[in-house]
Every structure is written in structure tokens, then in C-alpha cells.
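Line by line, the protein sequences give chains W and V.
Throughout, our numbering is defined as the position within the first sequence, counted from one, plus 5.
Throughout, our numbering is defined as the position within the second sequence, counted from one, plus 42.
Among the hints, erroneous ones may be present.
[Said to hold, decoys possible] On the chain W side, residues computed to face chain V include the following (Cβ under 7 Å):
{"no.": "1", "residue": "R201"}
{"no.": "2", "residue": "R202"}
{"no.": "3", "residue": "Q203"}
{"no.": "4", "residue": "I206"}
{"no.": "5", "residue": "D207"}
{"no.": "6", "residue": "A210"}
[What the hints assert, rightly or not] Each pair of labels, with its calculated beta carbon distance range:
{"no.": "7", "chain 1": "V", "residue 1": "E272", "chain 2": "W", "residue 2": "Q183", "range": "42 to 52 Å"}
{"no.": "8", "chain 1": "W", "residue 1": "R181", "chain 2": "V", "residue 2": "A166", "range": "56 to 66 Å"}
{"no.": "9", "chain 1": "V", "residue 1": "T125", "chain 2": "W", "residue 2": "P80", "range": "42 to 52 Å"}
{"no.": "10", "chain 1": "V", "residue 1": "D193", "chain 2": "W", "residue 2": "R146", "range": "37 to 47 Å"}
{"no.": "11", "chain 1": "W", "residue 1": "P141", "chain 2": "V", "residue 2": "D193", "range": "33 to 43 Å"}
{"no.": "12", "chain 1": "W", "residue 1": "E185", "chain 2": "V", "residue 2": "P271", "range": "32 to 42 Å"}
{"no.": "13", "chain 1": "W", "residue 1": "E190", "chain 2": "V", "residue 2": "E272", "range": "30 to 40 Å"}
{"no.": "14", "chain 1": "W", "residue 1": "A197", "chain 2": "V", "residue 2": "A89", "range": "26 to 36 Å"}
[Said to hold, decoys possible] With the Cβ distance kept under 10 Å, some of the chain V side facing chain W (calculated, not the full set):
{"no.": "15", "residue": "S55"}
{"no.": "16", "residue": "Y56"}
{"no.": "17", "residue": "E58"}
{"no.": "18", "residue": "E109"}
{"no.": "19", "residue": "M221"}
{"no.": "20", "residue": "F246"}
Everything labelled a hint here was simulated from the structure, so no lab data went into it.
On a predicted model such as this, the values are computed, not experimentally measured, just so you know.
All C-beta atoms in this analysis are idealised placements derived from N, C-alpha and C, irrespective of residue type, glycine included.
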Amino acid sequence: MSSVIDKFKTLARTLTSAATTMTDAIAQRRQQIVEKAKEVQHARTDLIPVSEIIETRIPETVHEAGAYAIADLGPILIQGIGAPVLGGSVRLPWDPKSPLEWRVICAAMPETAIAILTALVRQIQYEPGPSSAERPATIERLERELAALEIEEEAAVDQACAAGVQIAHRAEVIARRQAEARQRELVEAATADRRRRQEAIDAKAAARAEDNRHTAPGGSAYLARESATRPH
Amino acid sequence: MVTEAITIAPALSYCESVAAILSMLHGTDEGELLLDARTADGIGHRAFGVQTIHHEWLSEDVLGLLEDQNSWHIRVSPAVRRTGNRGLLRLHVLFARFHIEKVFDGTEWGLPADQMLAIANRIALFPCPPTAVIDGGGEVVALWRLDNPIDLTHEHGLKRARRAQADLAAALDASTQPMAHTTPSATGGPTRVENFDAHDPAGFLPLVGCLRERVGNTLTAVTIPRLDPEHVYRLEELTDAATQQEHQP
Numbered sequence: 006m007s008s009v010i011d012k013f014k015t016l017a018r019t020l021t022s023a024a025t026t027m028t029d030a031i032a033q034r035r036q037q038i039v040e041k042a043k044e045v046q047h048a049r050t051d052l053i054p055v056s057e058i059i060e061t062r063i064p065e066t067v068h069e070a071g072a073y074a075i076a077d078l079g080p081i082l083i084q085g086i087g088a089p090v091l092g093g094s095v096r097l098p099w100d101p102k103s104p105l106e107w108r109v110i111c112a113a114m115p116e117t118a119i120a121i122l123t124a125l126v127r128q129i130q131y132e133p134g135p136s137s138a139e140r141p142a143t144i145e146r147l148e149r150e151l152a153a154l155e156i157e158e159e160a161a162v163d164q165a166c167a168a169g170v171q172i173a174h175r176a177e178v179i180a181r182r183q184a185e186a187r188q189r190e191l192v193e194a195a196t197a198d199r200r201r202r203q204e205a206i207d208a209k210a211a212a213r214a215e216d217n218r219h220t221a222p223g224g225s226a227y228l229a230r231e232s233a234t235r236p237h
Numbered sequence: 043m044v045t046e047a048i049t050i051a052p053a054l055s056y057c058e059s060v061a062a063i064l065s066m067l068h069g070t071d072e073g074e075l076l077l078d079a080r081t082a083d084g085i086g087h088r089a090f091g092v093q094t095i096h097h098e099w100l101s102e103d104v105l106g107l108l109e110d111q112n113s114w115h116i117r118v119s120p121a122v123r124r125t126g127n128r129g130l131l132r133l134h135v136l137f138a139r140f141h142i143e144k145v146f147d148g149t150e151w152g153l154p155a156d157q158m159l160a161i162a163n164r165i166a167l168f169p170c171p172p173t174a175v176i177d178g179g180g181e182v183v184a185l186w187r188l189d190n191p192i193d194l195t196h197e198h199g200l201k202r203a204r205r206a207q208a209d210l211a212a213a214l215d216a217s218t219q220p221m222a223h224t225t226p227s228a229t230g231g232p233t234r235v236e237n238f239d240a241h242d243p244a245g246f247l248p249l250v251g252c253l254r255e256r257v258g259n260t261l262t263a264v265t266i267p268r269l270d271p272e273h274v275y276r277l278e279e280l281t282d283a284a285t286q287q288e289h290q291p
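All chains, please: the whole structure from these sequences, using the hints.
Given below as C-alpha cells:
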């Protein structure tokens, strides 16, 4: 008797250990999912590397500002400074006492403007993400890895539940499965409704064909003529 | 004499037959089939494009049309058109239309048996059995499904389709005369009349199951006495068969 009890106790310990192993594995998988999701988020939203900023963004913004200055201030400047008859002193598009605008520096001394911005950016510490060229592929890879982890975790929980372990799916899995079930119900309801409506139309058509004085077996005057001449 | 075994349409319901014909005409690519139907009071017209085609069941728009208890004729364009009825796209079938002259026997108008028999014989003797036959009461339409649709977006394709249709009509002695497609106004305005040849892909065909026109004093149901989806042909097969048939004594 005591050996039977001992055997049950051993079995209970084994089952508990197995359940714990399963729940531990699921917990580990869930932690990996959280970390991988963070990696995806970083890949999507982190700033581009300093090198890309210096090589492309800074020159682009300086040239853009310079072009804006020329377009906006150029006509006024040349009219004021190049008039054949000056009505007083040269008229500039800015007050002589006002500070020089950034866009004017970009237009007149673009290399200096680039050097200023570059020096500032180099002094700022931040955690960069992937470059623009690498970003789409990186995001795609990470999302694929995340999806694989999620599929494994979901299967593991299904397996654990089937084995009697008390564990719930993640909230997003529950929500997705409920939405899928609802969608299936809607499709089934729509199919049943369509079938009912088609059957009603079919019944009316059958009644109409029955009333047709020219109806022959098969419901067609054409067939009636064909069948009338078939060799029997 | 008809010696070929008559193929009764498989046990398809009325709605399944309509779906099968629409699916055959549309294929699975983009574009729409144009349906033209009288309103329930028989006065106005409704024309709309059907884009969602399934070979086993009817889409909501067609279901609604049939549910409106439309006992007037509903016609369908044999050619697929651009969405919004903006030009022809492609043709998945060749068809031959046989108009039947009603005769008056002193008391009522009816369809003469010898005309129907002659049509059945001509179709049966053609080397390529049709994919479908639609009996519209006042006309019989035989359809042959093509393995590759004819592109109607270019003049070359449209000419090719019209030439093939003309060859088929000549071989089968089918109808070629102009047909008027009338669209009466529901508001008292002028009736719009478009003319197209009986075998023109830009025209309209009777749609299965819809009451086509009065023959005598009875409304005749359009039926589909033959439907053999496995009969699919290359265009050249049909045009060669038409040429051979035409030259036979």
C-alpha cells in the first residue's frame, strides 16, 4: 500500500515538474517576444546614424535653406543694390543692425554652414538605429523573427492547455482568436443567408417554369425539339 | 437528324446556372459584366456592372436583382468591360445567336417546331460541341468557351473577335441582322436605342432564368438546356471548324 502511495507521489511530482517546465518555457518565450517587439520598435523609430546625418541630411538642409534665401531675398537684394539711380544709400532686404539669418549663411557660405551643423551633431550623444538603406530589411527580418516566436509560444500554450496545465494565452492572442471566430460566424451566417435567398429564388423559378405552356422535360423548347427527334 | 446524345444540364439550380454562365463570361480577372434589366414595373431600365463573380453562388447585386421579382428580361454583355462601362476589355466566349420568327396560327403567336429543330441540328452538327446553350424562347444562343480570352482593348483584337463571330455565324447560319437595344426612359424622356449586330461582342445576351419575352400569351422562361464546362476551345479550333463547316455541301 505504501509503495502505491509512493508511486502516486512520484507521479504527482513528475507531473508537477513537467507542468513547471512547460510554464517556464512559455514564460521564457514570452520574455523573448517582449524583447523582440522592442527591437522591432527600435528599428522603426530610432534615429538614423550620425554618418548618414553628416553625409546626406546636413548638406540637404543647408542647400535647401540657401535656395530659399535666394528665392525669397534675391530679387529684393538685387533691386536694392543694383538700382541705376540710388535714392539714398543701398537698400538691403534686412536691417543693417539685425543678426545675419541662418538661411543667408547657407546661401552665401554653404561649406561653413555644413561645418557648423556637423560640429554640433558630432557633440550630441544618442543611440542610433539602422541606416535608411538597411532599415526596411532590418524591420522585415525582426518582424519575421517576432512572428516565429509568437507562433511557437501560441502552440506551446495550446499544448500545455491540452495537457491540463492551467495557463492562459496572451491577451492579444485571445483577442485575435475571438475576432477570427466572430469573422467565421459572420461568413457562415452570410453563406446561410445567401443559400436561403437563392433557394427562395430557385423555388419561384421552378414554379414559373412549371406554368410555362411551352415547357418540356428539361424546361426548354429547344430541348423539347431535340428530344422529339432522338432515335429511341 | 440529331444523333448526338443530348446533354441535359447538370442538376444545377436556377441560381447556380446564372452563376455558372456569369462565371464563364467573366473569367477571373478585372473588369465587369454589364447587366441590363427592366425594373419590376417593366417601364424603366437598370444597368449595372457586376464585378464579383463566383461560379457557384450569386453576388449580392445579382441576388437583389432576381429577388426584385423581375419578371422581365435581364440581359448580360458577353464581353467583359472596364469598370464603369468604360470600353470593352476581353471576350471569353464565341457565341452564335439564332433568332426565331414567331408565327401566328390563327389564334395565337408561337415558336415553330421546325425552326427549333433546324437550329438544334445545326448546332449538333458543328464539329465543336458548344459549352452552353441558352434557350431564350424567342432566340437560342450557343456559347463556346475560349481557353484564352480575346483582348478587346485594341482595334486588332476587336476585329479578330468580330471576324471570328462572323465566321461562326456564317457556318451555323446564325442571326447577323442588327438588333436594337432599347432603354426606355422611366421619366417620360426619349427612349434610347443602340443598334448592334446580333453577333457583336458589344451587344447583349439573354441571361439564364429570366423571363425573356412573350411568346403567344405566355411568358417564356429563359433556360440553360446544355452546360458542359469541359468544352473549352482555342480560337483557331473554332474558326477552322467554322471554315470547314461553311465549305461543306
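- Violated hints - listed by number, lowest first: 1, 19 and 20
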